[in-house]
Amino acid sequence: MNDKMSNELVSVKNVSVEFDYQDNFLSRKQKIQAVKNVNLSIKKGSFVGLVGESGSGKTTLGRAILAANKITEGQVIFHDEKKDYDLGSISKKELKEYRKLSQLIFQDPYAALSPRMTVRDILAEPLEVMKITKTRAETDDRVREIASKCRLNLEHLRRFPHAFSGGQRQRISIARALVSNPKFIVADESVAALDVSIQADILNLLKNLQKELNLTYLFISHDLSVVAHICDEVAVMYLGRIVEHGPTRELFSNPKHPYTKALLSSIPSIDPEKQNKAIELKGEIPSSMNPPSGCVFHTRCNYANENCKKEIPLLNTEIKKDHLVACIRVNDI
Amino acid sequence: MMSMNALLDIKNLSVQFDTDEGRIIAVNNISLSLNAGEVLGIVGESGSGKSVTAKSIMQLNPYNTHYDEMGEIIIDNENVLRFTSKEDLKKIRGGKVSMIFQEPMASFAPAIKIGKQMVEQLLLHKSINKEEAKSISIDMLKRVGIADADKRFNQYAFELSGGMRQRAMIAMALSTMPKLLLADEPTTALDVTIQAQVIDLMKDIIAEYKMGVMFITHDLGVIAQTADNVAVMYLGNIVEIGPVKEIIKNPKHPYTQGLIDALPDIDNLDTPLKPVPGSIPSPLERPSGCVFHTRCKIYEEGLCNNEEPQLKSFSSNHKVACLKVDSNE
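Protein chains in written order, with our numbering: chain A, 1138 to 1470; chain B, 406 to 734.
Fair warning: there could be bad hints in the mix.
[What the hints assert, rightly or not] Here are the simulated lysine to aspartate or glutamate pairs, DMTMM-like style, with alpha carbons at most 20 Å apart:
{"hint": "1", "chain 1": "A", "residue 1": "Lys1414", "chain 2": "B", "residue 2": "Glu690"}
{"hint": "2", "chain 1": "A", "residue 1": "Lys1398", "chain 2": "A", "residue 2": "Glu1387"}
{"hint": "3", "chain 1": "A", "residue 1": "Lys1414", "chain 2": "B", "residue 2": "Asp553"}
{"hint": "4", "chain 1": "A", "residue 1": "Lys1411", "chain 2": "B", "residue 2": "Asp672"}
{"hint": "5", "chain 1": "B", "residue 1": "Lys608", "chain 2": "A", "residue 2": "Glu1410"}
{"hint": "6", "chain 1": "B", "residue 1": "Lys679", "chain 2": "A", "residue 2": "Asp1408"}
{"hint": "7", "chain 1": "A", "residue 1": "Lys1414", "chain 2": "B", "residue 2": "Asp672"}
{"hint": "8", "chain 1": "B", "residue 1": "Lys654", "chain 2": "A", "residue 2": "Glu1218"}
{"hint": "9", "chain 1": "B", "residue 1": "Lys608", "chain 2": "A", "residue 2": "Glu1218"}
{"hint": "10", "chain 1": "A", "residue 1": "Lys1348", "chain 2": "A", "residue 2": "Asp1360"}
{"hint": "11", "chain 1": "B", "residue 1": "Lys547", "chain 2": "A", "residue 2": "Glu1421"}
{"hint": "12", "chain 1": "A", "residue 1": "Lys1344", "chain 2": "B", "residue 2": "Glu536"}
{"hint": "13", "chain 1": "A", "residue 1": "Lys1344", "chain 2": "B", "residue 2": "Glu712"}
{"hint": "14", "chain 1": "A", "residue 1": "Lys1419", "chain 2": "B", "residue 2": "Glu651"}
{"hint": "15", "chain 1": "A", "residue 1": "Lys1411", "chain 2": "B", "residue 2": "Asp609"}
{"hint": "16", "chain 1": "A", "residue 1": "Lys1229", "chain 2": "B", "residue 2": "Asp624"}
{"hint": "17", "chain 1": "A", "residue 1": "Lys1398", "chain 2": "B", "residue 2": "Asp605"}
{"hint": "18", "chain 1": "A", "residue 1": "Lys1348", "chain 2": "B", "residue 2": "Asp675"}
{"hint": "19", "chain 1": "A", "residue 1": "Lys1414", "chain 2": "B", "residue 2": "Asp675"}
{"hint": "20", "chain 1": "A", "residue 1": "Lys1414", "chain 2": "B", "residue 2": "Asp493"}
{"hint": "21", "chain 1": "A", "residue 1": "Lys1414", "chain 2": "B", "residue 2": "Asp633"}
{"hint": "22", "chain 1": "A", "residue 1": "Lys1411", "chain 2": "B", "residue 2": "Asp553"}
{"hint": "23", "chain 1": "A", "residue 1": "Lys1419", "chain 2": "B", "residue 2": "Asp605"}
{"hint": "24", "chain 1": "A", "residue 1": "Lys1398", "chain 2": "B", "residue 2": "Asp666"}
{"hint": "25", "chain 1": "A", "residue 1": "Lys1447", "chain 2": "B", "residue 2": "Asp553"}
{"hint": "26", "chain 1": "A", "residue 1": "Lys1398", "chain 2": "B", "residue 2": "Asp609"}
{"hint": "27", "chain 1": "B", "residue 1": "Lys654", "chain 2": "A", "residue 2": "Glu1421"}
{"hint": "28", "chain 1": "B", "residue 1": "Lys556", "chain 2": "A", "residue 2": "Glu1421"}
{"hint": "29", "chain 1": "B", "residue 1": "Lys650", "chain 2": "A", "residue 2": "Glu1410"}
{"hint": "30", "chain 1": "A", "residue 1": "Lys1348", "chain 2": "A", "residue 2": "Glu1218"}
{"hint": "31", "chain 1": "A", "residue 1": "Lys1411", "chain 2": "B", "residue 2": "Asp605"}
{"hint": "32", "chain 1": "A", "residue 1": "Lys1411", "chain 2": "B", "residue 2": "Asp666"}
{"hint": "33", "chain 1": "A", "residue 1": "Lys1411", "chain 2": "B", "residue 2": "Asp670"}
{"hint": "34", "chain 1": "A", "residue 1": "Lys1344", "chain 2": "B", "residue 2": "Asp666"}
{"hint": "35", "chain 1": "A", "residue 1": "Lys1419", "chain 2": "B", "residue 2": "Asp675"}
These aren't lab readings, by the way, just hints derived from the structure by calculation.
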């Protein structure tokens, strides 16, 4: 346990994030529970995947860890070498330091880059804003260094983003996220907008940079095959809760939660001979304004019984080492 | 695949767009045909001309489109590219041919009830009255698995969830009983569990109504699970065409091979991901010779950059457009 603690970079403890929602100014104020009671420990140097369908709260959780969302309940602690940052009660000064340590790579490389700035200026801006470099020469050195790590040519630096293809733009986004020398990266659907032939290149780049720069990733994606290939461990989210968490291979070869099983069976196989029949889920993901009682998945689960409507399952049933499931019926199914 | 009674027969179709920077080639001299009851998958990356091909069939491309004189799209012995009258166009826009788009929110008018939109198009294409059109529409909504179809009939598109909207879109496209269905990335915007539901639904309906379907997607997994035949497109050219099983097991064109190698395969986690080097050239800088030569791993200087490869038969109906593919064997 002690060993695990010292190895931990981010610890998310019982975190909930709620948003206020009002349909129009006359209607009743409602709460949207985007993330509910989530526990997640991210080890140094790991590549953690966060999967789930739209509305499952993956992006909100990622943003909470970046201190970009208010945390309604619970604690997110970022363990840096010198000090711990408690993101729930972080001061403005600490937040500035924290921004250098954690960065975000966005989904759409077309929207993420300003069309009016050269690539050099895009990469230099974080350094100037965060006051990391003091002189222009120092800034340029750092920009060149990170550009070459992300396989951008020096000649590219003078150009504007419109001159680049989707894959190259995503490399610019990655370079910008890495220029402040962060330790932790949240990659939110960072390859979802790319063509397959380019996607593989960006995934390989992320993986190589991880080794080279000692990075830790939280990789948010809806694409299970991508996650299976690149992540060391995976957490599956449904309606704001983590329902299953484990080492990638273990989880993909031995899924336990009925939702994970259905999700994995839905991936269309590239082998035309293998006509896999997807486990059909009833209906669609319920609204997070009015989540079901007990286990939030019971309305769509093929195994749900009366107890599932009452009892809230905790992510504490250990299948194997590090493989946790939140399902009260896991031993019966 | 080439038969006399094909439902759809595209011959030497070339489509160009006039832009400020000059005329660009979107589709370059492609030929393919599709029979009733057959699903033809079209795969390719962005800019490969898949959607332009489908939209040409319904003449839905923008005003700056230029169709080459040589090209023909034959449906029921008529070249639909020559259609200009309203009556003729009606036949290919919702009559014999229907289309399902990627983004269902953008395909429904936001301020008109779904039912009204469904009835409206039925009245346009069939000689039936409003009551009949309503009952056909509600039956179709039920058929695609929408619960409370009577209630949904009177709702607006924004009141439906993404998966349900796509089902309603499919119901609308199918209610006129088209012979040919063009499905342009119909499941790309959906979550995997919903995608699986929609694919199952489409398969059932295709089999039941014996429709011909052109299924456009960038997802080879979806193609493998739905299509009978597949055409692989790159920069407006068909580089490989043939039965799905054969092409996925034994791809001949280096681009098809590259696409399959780049795809993360969940059943095979140990193989590293191999990207196709480089990126798709801009249509303004179309490579000479074989359009793929700038990214090809078996490129031969002097041959591939000079000569344009033609589709040649590999086995009975598996065709490949590559100059190196024979010597590669």
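Each hint tested on the structure:
no., hint, in the structure
1, Lys1414(A) with Glu690(B), "violated (44 Å)"
2, Lys1398(A) with Glu1387(A), "holds (13 Å)"
3, Lys1414(A) with Asp553(B), "violated (26 Å)"
4, Lys1411(A) with Asp672(B), "holds (11 Å)"
5, Lys608(B) with Glu1410(A), "holds (16 Å)"
6, Lys679(B) with Asp1408(A), "holds (18 Å)"
7, Lys1414(A) with Asp672(B), "holds (15 Å)"
8, Lys654(B) with Glu1218(A), "violated (51 Å)"
9, Lys608(B) with Glu1218(A), "violated (56 Å)"
10, Lys1348(A) with Asp1360(A), "violated (23 Å)"
11, Lys547(B) with Glu1421(A), "holds (16 Å)"
12, Lys1344(A) with Glu536(B), "violated (60 Å)"
13, Lys1344(A) with Glu712(B), "violated (39 Å)"
14, Lys1419(A) with Glu651(B), "violated (35 Å)"
15, Lys1411(A) with Asp609(B), "holds (18 Å)"
16, Lys1229(A) with Asp624(B), "violated (45 Å)"
17, Lys1398(A) with Asp605(B), "holds (18 Å)"
18, Lys1348(A) with Asp675(B), "holds (19 Å)"
19, Lys1414(A) with Asp675(B), "violated (24 Å)"
20, Lys1414(A) with Asp493(B), "violated (42 Å)"
21, Lys1414(A) with Asp633(B), "holds (18 Å)"
22, Lys1411(A) with Asp553(B), "violated (35 Å)"
23, Lys1419(A) with Asp605(B), "holds (14 Å)"
24, Lys1398(A) with Asp666(B), "violated (26 Å)"
25, Lys1447(A) with Asp553(B), "violated (28 Å)"
26, Lys1398(A) with Asp609(B), "violated (24 Å)"
27, Lys654(B) with Glu1421(A), "violated (35 Å)"
28, Lys556(B) with Glu1421(A), "holds (17 Å)"
29, Lys650(B) with Glu1410(A), "holds (7 Å)"
30, Lys1348(A) with Glu1218(A), "holds (18 Å)"
31, Lys1411(A) with Asp605(B), "holds (15 Å)"
32, Lys1411(A) with Asp666(B), "holds (18 Å)"
33, Lys1411(A) with Asp670(B), "holds (13 Å)"
34, Lys1344(A) with Asp666(B), "holds (18 Å)"
35, Lys1419(A) with Asp675(B), "violated (34 Å)"
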